[in-house]
Amino acid sequence: MPKGKKTTLNTIEKPATFGPDLDVGAFKRETSPWPPCTISTLPQDIIQRALSVGITKEKERAGTYFQIDHSAVLQAIRKTFRGKAEIMSTEEAIKKYHWAKDYWWKIVDANTDKFTTLAKSKWDQGYFIRVLEGQKITVPLQACLFISTENFNQNVHNLIIAEPNSEAQIITGCTVHPNVQNGLHVGISEFYVKKNAKLTFTMIHNWSQNFNVRPRTAALVDDDATFINNYMCMKPVKSLQMYPVAYCKGVNSRVRFNTILHGDQNSHLDVGSKVVLQGKGSRGEIIARAIASDNAQINARGLLVGEHEDSKAHLECRGLLLSDEASIHAIPELVGKVKGTELSHEAAVGKIAEEQVQYLMARGFSESEAESLIIRGFMDISIFGLPDALKRDIKRMIDVTIGGAL
Amino acid sequence: MLRIENLTVEIAGKRVLGGVNLEVPKGEIHVLLGPNGSGKTSLITSILGFPSCHILSGNIRFNGTDITTMPTDERVKLGIGVAFQNPPQIRGVKLGDVLRHLTKGKIDEVKLAGTTNIPVDFFGRNLNFGFSGGELKRTEILQLLAQRPDFAIFDEPDSGVDVENLEIIGKAINEFLKKRSGLLITHLGHILRYINADKAHVMFYGMIACSGKPTNIINRIMKKGYKWCERCPKVKRLR
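Going line by line, the protein sequences match chains A and B. Per the numbering used here, the first sequence runs over residues 1 to 406. Per the numbering used here, the second sequence runs over residues 1 to 239.
Treat the hints as calculated values from the structure; they're not laboratory data. All C-beta atoms in this analysis are idealised placements derived from N, C-alpha and C, irrespective of residue type, glycine included. Treat the hints with care, as some may be off.
[Stated by the list, open to error] Simulated DEER-style distance windows between Cβ atoms:
{"id": "1", "chain 1": "A", "residue 1": "Asp-294", "chain 2": "B", "residue 2": "Asn-59", "range": "53 to 63 angstroms"}
{"id": "2", "chain 1": "A", "residue 1": "Asp-294", "chain 2": "B", "residue 2": "Asp-121", "range": "31 to 41 angstroms"}
{"id": "3", "chain 1": "A", "residue 1": "Gln-209", "chain 2": "B", "residue 2": "Asn-59", "range": "49 to 59 angstroms"}
{"id": "4", "chain 1": "B", "residue 1": "Gly-124", "chain 2": "A", "residue 2": "Gly-25", "range": "37 to 47 angstroms"}
{"id": "5", "chain 1": "B", "residue 1": "Glu-164", "chain 2": "A", "residue 2": "Gly-336", "range": "40 to 50 angstroms"}
{"id": "6", "chain 1": "A", "residue 1": "Ser-368", "chain 2": "B", "residue 2": "Gly-19", "range": "15 to 25 angstroms"}
{"id": "7", "chain 1": "B", "residue 1": "Gly-130", "chain 2": "A", "residue 2": "Lys-395", "range": "18 to 28 angstroms"}
{"id": "8", "chain 1": "A", "residue 1": "Ala-353", "chain 2": "B", "residue 2": "Asp-121", "range": "52 to 62 angstroms"}
{"id": "9", "chain 1": "A", "residue 1": "Glu-13", "chain 2": "B", "residue 2": "Pro-51", "range": "51 to 61 angstroms"}
{"id": "10", "chain 1": "B", "residue 1": "Gly-130", "chain 2": "A", "residue 2": "Ser-344", "range": "12 to 22 angstroms"}
{"id": "11", "chain 1": "B", "residue 1": "Asp-121", "chain 2": "A", "residue 2": "Lys-395", "range": "14 to 24 angstroms"}
{"id": "12", "chain 1": "B", "residue 1": "Asp-121", "chain 2": "A", "residue 2": "Lys-136", "range": "27 to 37 angstroms"}
{"id": "13", "chain 1": "A", "residue 1": "Glu-333", "chain 2": "B", "residue 2": "Glu-164", "range": "40 to 50 angstroms"}
{"id": "14", "chain 1": "B", "residue 1": "Arg-193", "chain 2": "A", "residue 2": "Ser-372", "range": "40 to 50 angstroms"}
[As the list claims (entries may be wrong)] Just a few of them, taken from the derived set where beta-carbon distance is under 10 angstroms, the chain B residues facing chain A:
{"id": "15", "residue": "Thr-72"}
{"id": "16", "residue": "Lys-94"}
{"id": "17", "residue": "Asn-126"}
{"id": "18", "residue": "Gly-130"}
{"id": "19", "residue": "Gly-133"}
{"id": "20", "residue": "Gly-134"}
{"id": "21", "residue": "Gln-143"}
[What the hints assert, rightly or not] Here are the simulated lysine-lysine pairs, DSSO-like style, with alpha carbons at most 27 angstroms apart:
{"id": "22", "chain 1": "A", "residue 1": "Lys-101", "chain 2": "A", "residue 2": "Lys-122"}
{"id": "23", "chain 1": "B", "residue 1": "Lys-77", "chain 2": "B", "residue 2": "Lys-178"}
{"id": "24", "chain 1": "A", "residue 1": "Lys-84", "chain 2": "A", "residue 2": "Lys-195"}
{"id": "25", "chain 1": "A", "residue 1": "Lys-395", "chain 2": "A", "residue 2": "Lys-136"}
{"id": "26", "chain 1": "A", "residue 1": "Lys-351", "chain 2": "A", "residue 2": "Lys-395"}
{"id": "27", "chain 1": "B", "residue 1": "Lys-236", "chain 2": "B", "residue 2": "Lys-26"}
{"id": "28", "chain 1": "B", "residue 1": "Lys-14", "chain 2": "A", "residue 2": "Lys-351"}
{"id": "29", "chain 1": "B", "residue 1": "Lys-94", "chain 2": "A", "residue 2": "Lys-391"}
{"id": "30", "chain 1": "B", "residue 1": "Lys-94", "chain 2": "A", "residue 2": "Lys-351"}
{"id": "31", "chain 1": "A", "residue 1": "Lys-84", "chain 2": "A", "residue 2": "Lys-391"}
{"id": "32", "chain 1": "A", "residue 1": "Lys-391", "chain 2": "A", "residue 2": "Lys-339"}
{"id": "33", "chain 1": "A", "residue 1": "Lys-57", "chain 2": "A", "residue 2": "Lys-339"}
{"id": "34", "chain 1": "A", "residue 1": "Lys-395", "chain 2": "B", "residue 2": "Lys-94"}
{"id": "35", "chain 1": "B", "residue 1": "Lys-213", "chain 2": "A", "residue 2": "Lys-391"}
{"id": "36", "chain 1": "B", "residue 1": "Lys-77", "chain 2": "B", "residue 2": "Lys-171"}
{"id": "37", "chain 1": "B", "residue 1": "Lys-26", "chain 2": "B", "residue 2": "Lys-213"}
{"id": "38", "chain 1": "A", "residue 1": "Lys-395", "chain 2": "B", "residue 2": "Lys-104"}
{"id": "39", "chain 1": "B", "residue 1": "Lys-199", "chain 2": "B", "residue 2": "Lys-178"}
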């Protein structure tokens, strides 16, 4: 974990290790604030875009946070779930809880690169979600980070705490107004999954062709705790670079990263997941599926670090190329630091196997039906072990995207 | 029903069929025998029209229609179906999805699965992933039963299948073929205990070397092996 350091001015110039470099000063910081409202009173085009990233009516979720540009327009927990979970802007949480500082910039280092530095110096709220001790919430909580201003720079900092013995699902959707083409979204997320807690976090992105995205995420997983992180980006984006890390610090801690990427048009995606196994009996799993069409470039990274002799993790990355101009670079890495740690990976990149298409055509599927079936199969999320309702939602989104894009 | 004339085919630059003539009349079941590499499976992929099969000469007619250059899915729509010997694994595509596509709601898939001894939980499994040899054969046959082609081709349905399942498969195929026509490829002939075939053909070097009564031909081959065939003047001539 990073040691606490003071942010220095020169890190605002420091490029990220991966992904194309950006001039962070080229984006607008000023915009007019939005008044508080409910989801149903939002303009229809915003509601539709929010729906495309899994954000739905408040009554279908245990709690909702909705931020547009700088403004937290909605932060509400449903009555039944009060006293079980909290949801508010991080600005409010920092004011309300003096201890919130103990979780703030503790596992993500503000000096990492120009984007973390930017998020520290020009911070625009973000969500605070806390599941209280011993509470098991079956209905998901949701958070939407929305950008409605062209060429805007939004820097959110999220804090998510699952207290001991708690269990919850969170769905986060990040998207832009249909009129927004350019911009930069920086999102810092710090997750704390405490003893025997289970957190399923699903993030869905839907940007626009000229938009840039730089999330910076870290999770700390305590004894007997489980953190499941699902990430999905199926729509074009100019550049997206992220490499979230989970520290399996606790005894028997569990981490799983599931990633589905579809790069099309001129998208540049540099996306990976890291798991650091520090606790006795800690386990990690990374599963990634990447589809590249048109001119998309995808770097699919993965890193497993074994620091405890009783630890085990596996990484599986599969890439499917749908165009000769697209490319997928799978970069799986294993770092064993002690004997006894068991790390493994499998990676495969290729196009649709002709043999599979012919086989399905021999069963009466047309060529395009066969290809679509194979692509859907490639994106099969049943191996992710998601809760049923969430699985249905994500499957529906994949079907819509594949149906429209291929 | 199926009439193949002088079919010569190359796959990946190698001649696999050298002038095959074969006719299966409507309502008949024919057996195709032959040693490994004699061209049996190549004949099937040629009948299906896989793009890897380059037809150098000859033609294939099905119910009077020339299908020699027709795409695979159109041939299938005319009523040709195949249970494959080595089907490919397809990640994420479920057996149940394919079955539902094939039956189009007209047949109870679960009941049908029972006739091939396939448990229902197989429906949720990825196509041909982690299936045993016998399970592969049975799911292939199950898909063909769901597809209901007028002309059914079974490529070695009996290899790698245990005795109990051989009987199940044999009876299922026999029942299915009662009102249909078919071509059955078998290496060891075990399946013929359950199926009444009308005619047998022996393939050598990418050609049909001889045709005749199934029982006669099978019994000879079972007793003496294909080595015996190699000494036959008909086979020697093909060489």
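Verification of the hints:
1. Distance hint check: the CB atoms of A/Asp-294 and B/Asn-59 are about 41 angstroms apart, inconsistent with the given range 53 to 63 angstroms.
2. Evaluation of the 31 to 41 angstroms hint for A/Asp-294 and B/Asp-121 yields a pass: the beta carbon distance comes to about 39 angstroms.
3. The hinted window of 49 to 59 angstroms between A/Gln-209 and B/Asn-59 holds, with their beta carbons roughly 51 angstroms apart.
4. The hint said 37 to 47 angstroms for the Cβ distance between B/Gly-124 and A/Gly-25, and at roughly 53 angstroms that hint is violated.
5. Between B/Glu-164 and A/Gly-336 the beta carbon distance is about 47 angstroms. The supplied range of 40 to 50 angstroms therefore holds.
6. As the Cβ distance of A/Ser-368 to B/Gly-19 is approximately 35 angstroms, the hint placing it in 15 to 25 angstroms is violated.
7. One distance hint, 18 to 28 angstroms for the beta-carbon pair B/Gly-130 and A/Lys-395, holds here, with the actual separation near 22 angstroms.
8. Against the hinted window of 52 to 62 angstroms, the Cβ-Cβ separation of A/Ala-353 and B/Asp-121 comes to about 26 angstroms, which falls outside the hint.
9. Between A/Glu-13 and B/Pro-51, the C-beta spacing of about 55 angstroms keeps the proposed range 51 to 61 angstroms intact.
10. Separated by about 19 angstroms at the C-beta atoms, B/Gly-130 and A/Ser-344 satisfy the suggested range of 12 to 22 angstroms.
11. Evaluation of the 14 to 24 angstroms hint for B/Asp-121 and A/Lys-395 yields a pass: the beta carbon distance comes to about 20 angstroms.
12. At about 29 angstroms, the beta-carbon gap between B/Asp-121 and A/Lys-136 stays in the expected band of 27 to 37 angstroms.
13. Against the hinted window of 40 to 50 angstroms, the Cβ-Cβ separation of A/Glu-333 and B/Glu-164 comes to about 49 angstroms, which satisfies the hint.
14. Distance hint check: the CB atoms of B/Arg-193 and A/Ser-372 are about 42 angstroms apart, consistent with the given range 40 to 50 angstroms.
15. A hinted interface residue such as B/Thr-72 counts as satisfied when its beta carbon comes closer than 10 angstroms to some beta carbon of chain A; here the least separation is about 4 angstroms, so the hint holds.
16. Proximity of B/Lys-94 to chain A holds as hinted, the smallest CB-CB distance being about 8 angstroms (cut-off 10 angstroms).
17. A distance limit of 10 angstroms between C-beta atoms decides the matter here; for B/Asn-126 the minimum to chain A is near 8 angstroms, and the interface restraint holds.
18. The closest approach between the C-beta of B/Gly-130 and any C-beta of chain A is roughly 13 angstroms, which is over the 10 angstroms cut-off, so the hint fails.
19. With its C-beta approaching chain A no nearer than about 18 angstroms, B/Gly-133 sits outside the 10 angstroms limit, and its interface hint is violated.
20. For B/Gly-134, the shortest C-beta to C-beta distance to chain A is roughly 19 angstroms, which exceeds 10 angstroms, and the interface hint is violated.
21. Annotation: interface hint on B/Gln-143 holds; nearest CB of chain A at approximately 6 angstroms, less than 10 angstroms.
22. Restraint check: the Cα-Cα separation between A/Lys-101 and A/Lys-122 comes to about 17 angstroms, which is no more than 27 angstroms; the hinted pair holds.
23. For a cut-off of 27 angstroms, the pair hint linking B/Lys-77 to B/Lys-178 stands: about 21 angstroms separates their Cα positions.
24. Proximity of A/Lys-84 to A/Lys-195 is assessed by CA-CA distance (about 17 angstroms); at most 27 angstroms being required, the pair is judged to hold.
25. Taking the CA atoms of A/Lys-395 and A/Lys-136, the gap is about 25 angstroms. The hint holds against a cut of 27 angstroms.
26. For the suggested pair A/Lys-351 and A/Lys-395, the alpha carbons sit about 22 angstroms apart, so the restraint of at most 27 angstroms is met.
27. Distance hint between B/Lys-236 and B/Lys-26 is unfulfilled; the C-alpha atoms sit about 32 angstroms from each other, more than 27 angstroms.
28. Proximity of B/Lys-14 to A/Lys-351 is assessed by CA-CA distance (about 25 angstroms); at most 27 angstroms being required, the pair is judged to hold.
29. Between B/Lys-94 and A/Lys-391, the direct Cα distance comes to roughly 16 angstroms. Compliance with the 27 angstroms bound is thereby established for this hinted pair.
30. Distance check on the hinted pair: B/Lys-94 and A/Lys-351 sit about 20 angstroms apart at the alpha-carbon level, within 27 angstroms; holds.
31. Taken as a hint, the A/Lys-84 and A/Lys-391 pair is honoured in the structure, with Cα atoms around 24 angstroms apart against an allowance of 27 angstroms.
32. Distance restraint check for A/Lys-391 and A/Lys-339: the Cα-Cα separation of roughly 38 angstroms exceeds the 27 angstroms cut-off, and the hinted pair is therefore not satisfied.
33. A C-alpha spacing of about 50 angstroms is found between A/Lys-57 and A/Lys-339, which places the hinted pair above 27 angstroms, so the restraint is violated.
34. For the hint linking A/Lys-395 to B/Lys-94, the alpha-carbon distance of about 14 angstroms falls within 27 angstroms, and the restraint holds.
35. As the CA atoms of B/Lys-213 and A/Lys-391 are separated by approximately 57 angstroms, the hinted pair breaks the 27 angstroms bound.
36. With a CA separation close to 26 angstroms, the supplied pair B/Lys-77 and B/Lys-171 stays within the 27 angstroms bound.
37. In summary, the hint linking B/Lys-26 to B/Lys-213 is supported, as the alpha carbons are separated by about 17 angstroms, within the 27 angstroms threshold.
38. In summary, the hint linking A/Lys-395 to B/Lys-104 is supported, as the alpha carbons are separated by about 22 angstroms, within the 27 angstroms threshold.
39. Between B/Lys-199 and B/Lys-178 the CA atoms are separated by roughly 15 angstroms; this keeps the pair inside 27 angstroms, and the hint holds.
Violated hints, in rising order: 1, 4, 6, 8, 18, 19, 20, 27, 32, 33 and 35; the structure is consistent with all others.
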